[in-house]
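S.K.: Below, each chain spelled out in residue letters.
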Amino acid sequence: MRGLLRRFAENPAATAGLIMLAAILFAALTASFFFPGDPMAPRGAPLLPPDGRFPFGTDMLGRDVLAGVFHGARVSLLIGFLSAIVSVLIGVVVGAAAGFFDGAVDDVLVRVTEFFQTIPSFIFAILLVAILTPGVTSIIVAIAVVTWPPIARLARTEFMALRSRQFVEAAVLAGVPRLRIISREILPNAVTPLIVMGSLLVATAILTESSLSFLGLGDPNHISWGYMIGSSRTVFRQAWWLSVFPGCAIVLTVLAINLVGEGLNDALNPHLKGRVKFES
Amino acid sequence: MRIEALNGIAGRFLIALMALMAVGIGLAKADPVRGGTLNSTLWPEPPGLIIGINLNAPTLLPATKIFEGLLTYDFNLNPEPMLAKSWEVSKDGLIYTFHLRHNVKWHDGAPFTSKDVVFSLTKFIPEVHSRSRATFKRVQVTAPDDYTVVVTLKEPYGPLLRSFDAISAPIVPAHIYEGTNYRDNPANRHPIGTGPFKFDEWKPGQYIHLVRNDDYYIKGEPYLDDIYYRFIPDSASRALALESGQVQLATQNDLELVDVKRLNSNPSLKVTTKGWEWGSPISWLEMNIRRKPFDDVRFRKAVMYALDRNFIRDTIFFGFAKVATGPIHSSSPFYTDDVTKYAYDPAKAKALLDEMGLKPDADGVRVKIGLLGLPYGEMWDRLSQYIKQALGAVGVEVTLQPSDVAGWGNRIANWDVDMSTTYLTTLSDPALGVARTYLTDNQKKGVLFTNTSGYSNPEVDKLFAEAASLPDQDKRKALYDKAQKILTDQVALAWLVELQWPTVYSAKLKNVVINGLGPNGNFASAYFEK
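Those protein sequences? They're chains A and B, same order as listed. Under our numbering, the first residue of the first sequence carries the number 42, and numbering increases by one thereafter. Under our numbering, the first residue of the second sequence carries the number 232, and numbering increases by one thereafter.
In isolation and in its complexed conformation, chain A is listed as follows (with noise of 0.2 Å):
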């Protein structure tokens, strides 16, 4: 473990991604100290630009933008991480049963990750947040149930390549359950490229989310940056702020989500950093 964060700290990129990551934190979660009450409501005159009083300026309603970055940040890492976790959740679980039990329920299962890997995802996640109507619970399915496919073939691959290893079958000819042998013995082993994975799963989630909501498809009670860009584009030649601030925000968010998930991902594969850096 120490070692694993000794490794991460030598890579500056993965560093400055962590400490992005820990701000915007930072900004979620202090959101409603600095900006306590509904961020949806007025503060001031519609459409000032920046100035002391509001750093990043109001929008059409006289709604404070710096408040709105801040509020939205909540939202933007609760979709994140929550339908990452979902996301991995089911892809390790079908992955994990395709990749195990071989035969007719591989099968099954590739064709079925396979049906949901044709459909353009995007499209399909739109249809499921119009079909269920609006809101952050069906984001969170929307996101969850297209990105999850990706997953279960990493997970069934990682699956199929240990099973034949000599300590599973050391432990089937001990009598150990499957489940148990699934849960504590593959598992762990398999765990580093879900991990980083999912990380970078939380990047793509934000992506989406901001995409769903700038479509006018996010939920209309909660603030986020998507719906703060696609609510003021059509003002964009008279008030700029109101979509640069929260674009910045997702870019930043996006940015940093992606430099930990590779900082992730050359320490927990030391041997791979190491191959790198001698080829190059």
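Derived by calculation from the structure, the hints in this document are not laboratory data. Some clues are possibly wrong.
[Unchecked claim] Some chain B residues close to chain A (C-beta under 10 Å, calculated; not the full set): (1) E276; (2) S466; (3) V489; (4) F542; (5) G608; (6) S615; (7) Q616; (8) G623; (9) V629; (10) P633; (11) S634.
Just so it is clear, CB atoms sit at the ideal spot from N, CA and C, and this is done for glycine as well.
Using the hints, position chain B against chain A.
M.R.: Then chain B, alone, in the frame of chain A:
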């Protein structure tokens, strides 16, 4: 002055000077110039061009150049001649006699006669025109000769004279439609009318092209050579097309109001909000009176006091609106200002809610309700959000319920809603466009734009019924005044603002908005200044 008496250089100089002055006067008067192509935006692409079979706004804008009515209406909705050059109404208000123009031809060359009018009013409109069907089912139409039409009522019906424009009563060719299935007639794809412009071509996804009708009955008109209605799907692109001069006309919902504000300062463009008098749209917040707490008039009054409608006008509609005081549009001759008014006063709203016994809980919430906002884009979303905030400030927690257009209509029509926002055209006469929202017997479950709020008051029913059946304008107004007072006092709906749809056009384009039909006029006299 005797010109022959003027001799020599001085005399010739004087004549030249007079000629110059005459030219100068001519220029100042700016005689209409023949020629030029008008490009207009049109969005969305209409489903068809036959008025009556389709009544969508994008159908009407091009189709009113092709088809005409017997009359048209000025800014005060008084009748003006169109296919009828004059008309008389009998003293008892039962017999309307129209004298038709003699020199009118259909676009295919056939002469226009009273036969076409009788066919349109008695067969075509009652069959296809959902809005005017009820009006023309009341009348008998006869033609004593080729150029006279007599419309007879069994009992007086006040709004009849306001029902003969090209939108309410389009005159279609009998020789093409009589005896056919109107909705499947091949002429629907190549409309034949009497208007100043003839249909030329419809390129799906691109444009509708109309060309000058050289046989138009007013000599010299129309001035324009042709009109293109171009389908431009994005409002920002439409605004850019106007700024770059690619199109010279846009109206209604074509532009975001925030863009209109910008375009207004462009010297090569003009903006007017006149020309939608026939439609007179009012937006409102509807409360489902069948449900609690909306059944209590104190709650509805509290909602009125809690909303700052000046803010809605200025911030959400960017000033292109007027605060509505009640059910009848202020441009209507039946409008009265003498109604119960609700200035923005959150303290009063809270007091009313307290009086009802709706006390705030620990979080300051008195009651929780849902709001189904009109899903027509960001402006309407902002309206919903403002309502949520404003009602939240007095302790009414609003949950916004997102929806698509079909779902929105479905839920309102089936009374499956707490509150909803909408706008409705109140049309040229309260009997046509206003009464439908308040009459008890117009509560038709499943049908949109009926009395969906569930408001019911026998006195109001009686006032509306009586007002519709009187021929006398002043007596009608007295009845409508009374109805407006009762409706505002009981807050049948929370009226928000009268929408003022802007028409933006090139400063060189003249005579675009010349009467109450505005951009839905026939454009016969529109021209480009050189």
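S.K.: If a hint holds in the structure, say so; if it doesn't, say that too.
M.R.: Verification of the hints:
Nearest Cβ of chain A to the Cβ of B:E276: about 21 Å, over the 10 Å cut. The hint is violated. The beta carbon of B:S466 is positioned within 10 Å of a beta carbon in chain A (closest approach about 7 Å), and the interface hint is therefore held. The restraint placing B:V489 at the interface with chain A holds, with a minimum CB-CB distance near 5 Å, inside the 10 Å limit. Taking 10 Å as the C-beta contact cut-off toward chain A, the hint placing B:F542 at the interface holds, the least distance being around 8 Å.
A cut of 10 Å between beta carbons decides the hint on B:G608: the least distance to chain A is about 8 Å, and the hint holds. For B:S615, the interface hint holds, since its Cβ comes within 10 Å of a Cβ in chain A; the closest pair sits about 7 Å apart. Checking B:Q616 against chain A: minimum C-beta separation of about 6 Å stays under 10 Å; hint holds. Hint status for B:G623 relative to chain A: holds, with the closest Cβ pair at about 7 Å, below 10 Å.
Using the Cβ-Cβ criterion of 10 Å, the hint placing B:V629 at the interface with chain A is satisfied: the shortest such distance is roughly 9 Å. A cut of 10 Å between beta carbons decides the hint on B:P633: the least distance to chain A is about 5 Å, and the hint holds. Interface restraint check: B:S634 against chain A, minimum CB-CB distance 8 Å, threshold 10 Å, status holds.
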